[in-house]
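Chains A and B supply the protein sequences, listed in that same order.
Once you know that position 161 of the first sequence is 176 in this note's numbering, the rest is easy, because the numbers rise by one and skip nothing.
Once you know that position 218 of the second sequence is 214 in this note's numbering, the rest is easy, because the numbers rise by one and skip nothing.
These are calculated hints, taken from the structure and not from any lab test.
Heads up, a few of these hints could be off.
Residues on chain B that point at chain A, a partial pick, calculated with CB under 7 Å [what the hints assert, rightly or not]:
| hint | residue |
| --- | --- |
| 1 | Val53 |
| 2 | Gly148 |
| 3 | Ala152 |
| 4 | Ser155 |
| 5 | Gln166 |
| 6 | Leu168 |
| 7 | Leu173 |
| 8 | Val310 |
Computed footprint of chain B on chain A, listed as stretches where at least three residues anywhere in the stretch have a Cβ under 8 Å from a Cβ of chain B [to be verified]:
| hint | region |
| --- | --- |
| 9 | 47 to 53 |
| 10 | 144 to 153 |
| 11 | 305 to 314 |
Beta carbons are placed, not taken as given, at the ideal position from N, Cα and C, and that holds for glycine.
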Amino acid sequence: MAGSPHKGDRATAGPRTVLAYLIRRLIAVIIMVLVVLLATFTVFYMLPKWAGQDIAVLFAGKQAGAEQLEGIRTKLGLDDPLIIQFWDFIKGIPMGRDYANGSDVTHCPAPCFGYSFRTEAPVWETLKDALPVTGALAAGACVLWLGAGVLTGVVSALKRGTIWDRAAMTTALGGVSLPVFFTGMIAMGIFVHNLGWVEIADSLSTDDSIDVWFQTLILPWIVLAFLNAAMYARLTRATMLEVLGEDYIRTARAKGLGEPAVIRRHALRSAMTPILTVFGLDLGVLMGGAVLTESTFNLPGLGLEAVRAISSKDLPVILGVTLCAALAIAVANLVVDLLYAVIDPRVRLG
Amino acid sequence: MTAPLHDTPADAKPTEDVAPAAGAGVKKVEGRSLKQIAWNRLKRDKVALAGGITVLVLVLVAVFAPLIVSVLGHPPNDFHQDKLDPLTNLPTGSLGGVSGDFLFGVEPNKGRDVFSRIVYGARISLLVAFLAAIVAVVLGTLFGIIAGYFGGWVDALISRVMDVLLSFPQLLFIISLISVLPDDLMGLEGTSVRVAILVLVIGFFGWPYIGRIVRGQTLSLREREYVEAAKSLGGGRRHILFRELLPNLVAPITVYATLMIPTNILTEAALSFLGAGVKPPTASWGGMLRDALETYEHDPMFMVFPGVTIFVTVLAFNLFGDGLRDALDPKGTR
Chain A
16 MAGSPHKGDR ATAGPRTVLA YLIRRLIAVI IMVLVVLLAT FTVFYMLPKW AGQDIAVLFA
76 GKQAGAEQLE GIRTKLGLDD PLIIQFWDFI KGIPMGRDYA NGSDVTHCPA PCFGYSFRTE
136 APVWETLKDA LPVTGALAAG ACVLWLGAGV LTGVVSALKR GTIWDRAAMT TALGGVSLPV
196 FFTGMIAMGI FVHNLGWVEI ADSLSTDDSI DVWFQTLILP WIVLAFLNAA MYARLTRATM
256 LEVLGEDYIR TARAKGLGEP AVIRRHALRS AMTPILTVFG LDLGVLMGGA VLTESTFNLP
316 GLGLEAVRAI SSKDLPVILG VTLCAALAIA VANLVVDLLY AVIDPRVRLG
Chain B
-3 MTAPLHDTPA DAKPTEDVAP AAGAGVKKVE GRSLKQIAWN RLKRDKVALA GGITVLVLVL
57 VAVFAPLIVS VLGHPPNDFH QDKLDPLTNL PTGSLGGVSG DFLFGVEPNK GRDVFSRIVY
117 GARISLLVAF LAAIVAVVLG TLFGIIAGYF GGWVDALISR VMDVLLSFPQ LLFIISLISV
177 LPDDLMGLEG TSVRVAILVL VIGFFGWPYI GRIVRGQTLS LREREYVEAA KSLGGGRRHI
237 LFRELLPNLV APITVYATLM IPTNILTEAA LSFLGAGVKP PTASWGGMLR DALETYEHDP
297 MFMVFPGVTI FVTVLAFNLF GDGLRDALDP KGTR
């Protein structure tokens, strides 16, 4: 199929190869999620055990009686082998789960991630409220960072050596050297407490108006994007400079194409492939940045929930949040793969 | 990112044991090793040199922290309640209580000497960053060189593992991991446990970055004539990996190890900020920023000092690392 000289063949072959490519990627992503899940599960349920901590004690507190602890162990299945516990956990996500200790049965409806040790609420309830916040934060920051980063990088490359170029590159170095929780505090100090331009809400739910969401998230977006945009500006600049030296750019210019078309259709398009690759690898970094940004701005997202759960050793919530983050990264990776297929014809036809 | 080092084919001579890095002499400069060329270039690069000097000063500060503090400050865990306003618990005087006695002012609420805590914080920060970089370099070099040289399923397996680790929600995973680990481990306790855990965890999640680069370089080096020659002379695998290939990988490994340190400093600060770093009262920069989060509206200077310290440190390492990369890059781009 690849390299077929006939245009007609390509048109029919295209979608099918894209599909095969995406299925391949999907399988890889599923395997990755399972690996992350198993690693996380092992760490959270087995490590404390090996280190001599009793999870039932974590759940019930130190003053609980032996009988009560035994009941908890049976109910949560803590004495089962790792693989059985893992399977029960996985199965609970799509199918729900019953925690039973004799006649005492608690049904956890699907999607079941277990119950919080502290609040005894289903973990899913917590995740459901936190996910939109983290999602909105990460998505907005992503758009800003890629948009601003690529744009700055392209301008720097085109105006190589000018003040523009140097300013952008200096900012980039500054950007990668600043911790997001420091810039976050500065931004809040100036724009919230000093100037009073924006108001950050204490809580965010899907019932709140768009205006509240926007006001609350605008600073976190900028802060989170700033750090990464700078890095992408550097990367875009380097790749653009490389691409602009290629023969096909000269050809495009020679055949009389206008400069904007040369940049957009030829140079930028092939420069985007390495940028996307790095972006795919940085999704984990984005998630980490989101955790820090949430802690700084006190946004009720996955990161803040995780930090709270960690300080109270609330294992099911920690596990649920980490799992959610891994899934989000995996899905985002799939989107990046899809974008590859859109941008790079070699992927589409290969 | 493009591969950092390509020696020109003309230099694909067998390794000379004295040459410390990839390919001796790039532009046919007689009698100068890459080390000398790199040093000459680095000397001309004022920005990188400034970064390098700053790094050196910071390392000295960390090493001689007790001495510096005894001359210029107060013990880091002494409380100076008399320097605080009894009503607000904020430092008296301007700029967060900056004075000749307290160079960077005093902490709100507790009244500890900010300067001393920053000086002592440098120890934790740099120690964790350096040691974690060493862990990452050792693991990354070992797995990278094995993956690149042997190829096949070994390469596929190692590459997959690296991919998974790179797309892991690292920060979340690390803070969760640290939270379930007990307070005493392997016979260590207190600050040293946390430092050991931080080093291992940060290093473990850092090795794929080095591993990918080493793998890529090994892939391109293993087809070289000198490897072929070593093979035909009966050199064992061990010999080829560590005597023929490794010396040619020293330059890129040095560059990326240097560039990994600032990332590690930021990670350590982030973990301390989230409460998963060294435990109080041990001073750490990230921990100071976490404390500052509660009072920065009223006492911004307590946030500014540790924040700027982290910024300057990370920037210095980045500038030096970038300069080093340019100096060691035979193509001389960037």
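Each hint tested on the structure:
no. : hint       : verdict
1   : Val53      : violated (17 Å)
2   : Gly148     : violated (19 Å)
3   : Ala152     : violated (12 Å)
4   : Ser155     : violated (12 Å)
5   : Gln166     : holds (5 Å)
6   : Leu168     : holds (5 Å)
7   : Leu173     : holds (6 Å)
8   : Val310     : holds (4 Å)
9   : 47 to 53   : holds (count 3)
10  : 144 to 153 : violated (count 0)
11  : 305 to 314 : holds (count 4)
This entry does not satisfy hints 1, 2, 3, 4, 10, going by the numbered hints stated previously.
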